[in-house]
Amino acid sequence: MDIRLNIGSWIASFFNWLDDNVAWFFDALKSFFVTLYDAVFWLFSTPSGFIVVIVVAIAALFARGWKFAVGVVIGLTFIMSVNQWDHAMETISLVLVAAFLAVLLAIPLGIWAAKNDTVSKVLKPILDFLQTLPAFVYLVPALAFFSVGVAPGIISTIIFAMAPGVRLTELGIRGVDSEVVEAGQAFGASPRRILRQIQLPLAMPSIMAGINQIIMLSLSMVVIAGLVGAGGLGGEVAKALGKLDVGLGFEAGLSVVAIAIILDRFTGAFGKGMGLYSTLANRRAQAKAADEQARLDAQEIIDKGVRYPVGMAN
Amino acid sequence: MIAVRRLRVRRYAEAASTSEKQFLGAEVSDVNETVALRAQGLYKVFGRHADDAVAKLRDGASRDDLGGATAAVIDASFDVKQGEIFVVMGLSGSGKSTLIRMLNGLHPQTAGTVEIDGENVSDATAAELRSIRRHKVSMVFQHFALLPHRTVIDNVAYGLEIQGINKAERQARALKITKIVGLAGWEEKYPSELSGGMQQRVGLARALATDTDVLLMDEAFSALDPLIRREMQDQLLELQSELGKTIIFITHDLNEAMYIGDRIAVMRDGRIVQIGAPEDILTNPANEYVEQFVQDVDRSRVLTAESVMRKPRAIIHEGSGPHAALTVMRDEQLSAAYVVKRDRTLVGWVRDRDVLDLVRKGDRDLSSAIQSNHGAVSHDTSLAELFIPSLEAALPLAVHDERNKLVGVIPRVTLLATLGGEPDAAASALSSPDPLPTAVVTKALDASDEGVTTTAKVAN
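Protein chains in written order, with the numbering used here: chain A, 1 to 314; chain B, 315 to 774.
Because the hints were derived from the structure by calculation, they are not lab data. Remember, predicted model here, so these are calculated numbers, not experimental data. Accuracy of the hints is not assured; some may be wrong.
Said to hold, decoys possible - Computed list of lysine-lysine pairs in BS3-like fashion (alpha-carbon distance at most 25 Å, straight line):
#1 LYS481(B) x LYS493(B)
#2 LYS288(A) x LYS450(B)
#3 LYS288(A) x LYS503(B)
#4 LYS503(B) x LYS493(B)
#5 LYS288(A) x LYS655(B)
#6 LYS493(B) x LYS288(A)
#7 LYS757(B) x LYS625(B)
#8 LYS757(B) x LYS675(B)
#9 LYS481(B) x LYS503(B)
#10 LYS490(B) x LYS450(B)
#11 LYS655(B) x LYS625(B)
#12 LYS719(B) x LYS675(B)
Pulled out of the complex, with its shape left as it was, chain A reads as follows (with noise of 0.2 Å):
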C-alpha cells in the first residue's frame, strides 16, 4: 500500500498562490533589502582597504583594548592579501544589514513572549522548526519569491538567525529579579516605564547574548546564502566548489573566520564595560568622585573648624 502525504505539494501550492498574490510585498521588501544593502557595501567599499581597516582598529581599541585592536589589524590584513578584500565587504554588508532586521524584529518579539504566556508558547514551536529546518531548505522559497541576488539571502539569512534572539531576549526578561519588578509596581510605575528602567537594562546581559547569536548565525547563513548568487565570500566558496578550487576554498574560508572572529569580539563586548571608552569614563568618574571628597572635606573645615593633614579624611 502506498500512503503518499502530499505536504510538499501542499507547501508548494501556498508558496504559488502567495507568489501569484502578493507578488507587489515581496517586490516592495525586495528593493528595500536591496537599498540598504547598497548603502551598507557603499559605506565599506568606497574608501579604500586601509582606511577601513584603520576605522574598525580604532572602533576595536575603544571596544576592548589595544590587543583586539591588534588582532583586527592581522585579521583584515590577511583578508586583503589573499585578495578577498571586496568580497568580505559584501559579506560585512549581508551580515550587518541581516542581523539589524533579525533583532529590530526578535527583540519585540521576545518582549512580547515575555510578557504574555500565551505567545510564548505559540511563539515556541515555531521558533523550533525555524532552528532546525535545514538551512538550505529557507532558499528554495526565498529564491522563488526574489529571484537571485541579495535579497533571497537577506531574508532567509533573518529567518534563519532571528530564533536565539528572540528566545534570549524572552529568557533574560523573564529572569529579571520580580522582585525588583515589583519594586517598580509598588512605586506606581507604568508597565512601559519598568520595562524601560527595570527589565531590559537588567536583561541586557541576556539581550546582548542574543545579539552575538544572532550576528554569528547571520554569518554562518550569509556563506550558505552564497549558493544563491548573494555574493560575498559565500559566493567565492560556492566557486571552489565548483570548480573543486582547494585554494581558493580555504582563502575564503579563513576570510570568513577572521570576519567571523571579529564581529563575536565586537558584540561579545557589548555592555561590558571594557576598553578604551570604558577606561577613559572609569577616570572620569573617579576623579569626579574625588572631586566631591574634596568639597565635602573642605565643607567639613569650614563647618567645624577641623583641620587634619590630607589624606586622613577616609
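Given chain A, work out where chain B should sit, using these hints.
This is chain B only, laid out in the frame that chain A set:
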C-alpha cells in the same frame, strides 16, 4: 533600645491621655484615632474557580477541601490606625506576604476590600492604582529589590522620579533622606558595593522619600544577620518616633513582632487567628497555636513591669500611727510594707520589727521607722531590667508611674513565674519572709492599748 521603646510608649500615653484607664491598660488604641488602612473580608485564592472557593470558605469549608484552588488568605479584616506599627506575623505559607501584596494591589484580591486613606484600592483601575501607589503607599522588600544599575541616590529618588518630580528637587530630597538613614557619603555607590544592612537602608530611604503615609514592609529585616537586624529595628523605631508613618510590617519572627509592633496580627494557614497588642498576645493567647508560638518569645523584653505587677496586699498611709500599721501587717502576715501619702505617692517602707519597737515605746509617729530607700521602678521598665532591683529589694518590688505614685508591686515569684509562662502560678506561692510571730505582735498591741486615732488602709 529600651529607651526607644519607652519613647514610643510615651507617645501613645500622650495620645491617650484622656483616660488614665487607657494609659494603664495594655491596649493603647483609641476609637477616635483615624484609620489609615482598612481591610475587610479579604480573600485570595489561586487556581481555578476562585470565586466558588471563596463561597465554600465563607460557608465554613476548610482550606484542604477546595480541590484545585489554593487559598492563600482567608477572610482577613483589620484596621490600621494612623501612626501605628501593625505587624502581621506568621510562618512561611501562612499567607502574610500575599496579604501585604493585596494591600497595594500587587496581588488583586479574590474578594473583599482594601481602603487606604479612604480610597478604595480593591476596585481601582490600573491608573488609579498607580496613583495610589505613587502618593499613598510605598513598600520595602525582603531582598531589598534595589535597581542594581543605579546608584544609591538614584535608587532613593526612584519613587520621586515616578511621581514626576524634577531632577534637581528629587536629588535634593533623596540626599536628605539618605542622610537620615545614615548613608551620607555613599550616594554615588552602586547597591552591589553595599552590605546587606546598608542596602536595606537604601530600600527604606526609597520608601520614605516618596513621603507616603503608609509604609508596607515585607519581611524587611529577615534577610539580615541578627546584629544588623536589631540595629535596623532600633533605627526603624527611632525614625518612626520622628516621622509617625503608618507601618504594616510582615515578619515570621515573633520576637521582632513583639519588639517593634504596636499591635500584632498572628496568621496561620491563611487566617488571622489573633490581633492584639504584644502583651495581649503574650499573656492572653487566643488559642493553642498562638500559645505554642509565644512560648519561645523573650518575655523579659516584651513585658513591662506594669503588665506583671500585682496589687500590694497592704499599703500603709504615712499619717497612720505605728499601732495601726502594725495591726495591718499582722493581719496580712507581712514583715514589711510600703508607706504612701494620701495621693499614693510613694514615701518609703517600714519593717514590722521597727514598728513594733515604736509601739512598745508608745511612739505615735511612724516617720522615724520609715526607710526611704524603696528602690521602686518605673511602670514601663522591661522585665529584663527588673531582676537586679528585685534582688536588692527586701520587699516585693514597688512599681510607680511617672508621677511617682505607687501602682503595684512585683514579688520575685511573680517575676519568675511570668518568665516561665505561667504568671498565675505565682498567686498561690505568695508569702512574705518570716513575719514576726502573731502572738508577739498581738501582745505588744494589747500592751499599748491606747486610742487609735488614725486608720490604716487595707488593700483588698
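(Q) Tell me the numbers of any earlier hints that the structure contravenes, in ascending order. (A) 2, 5, 7, 12
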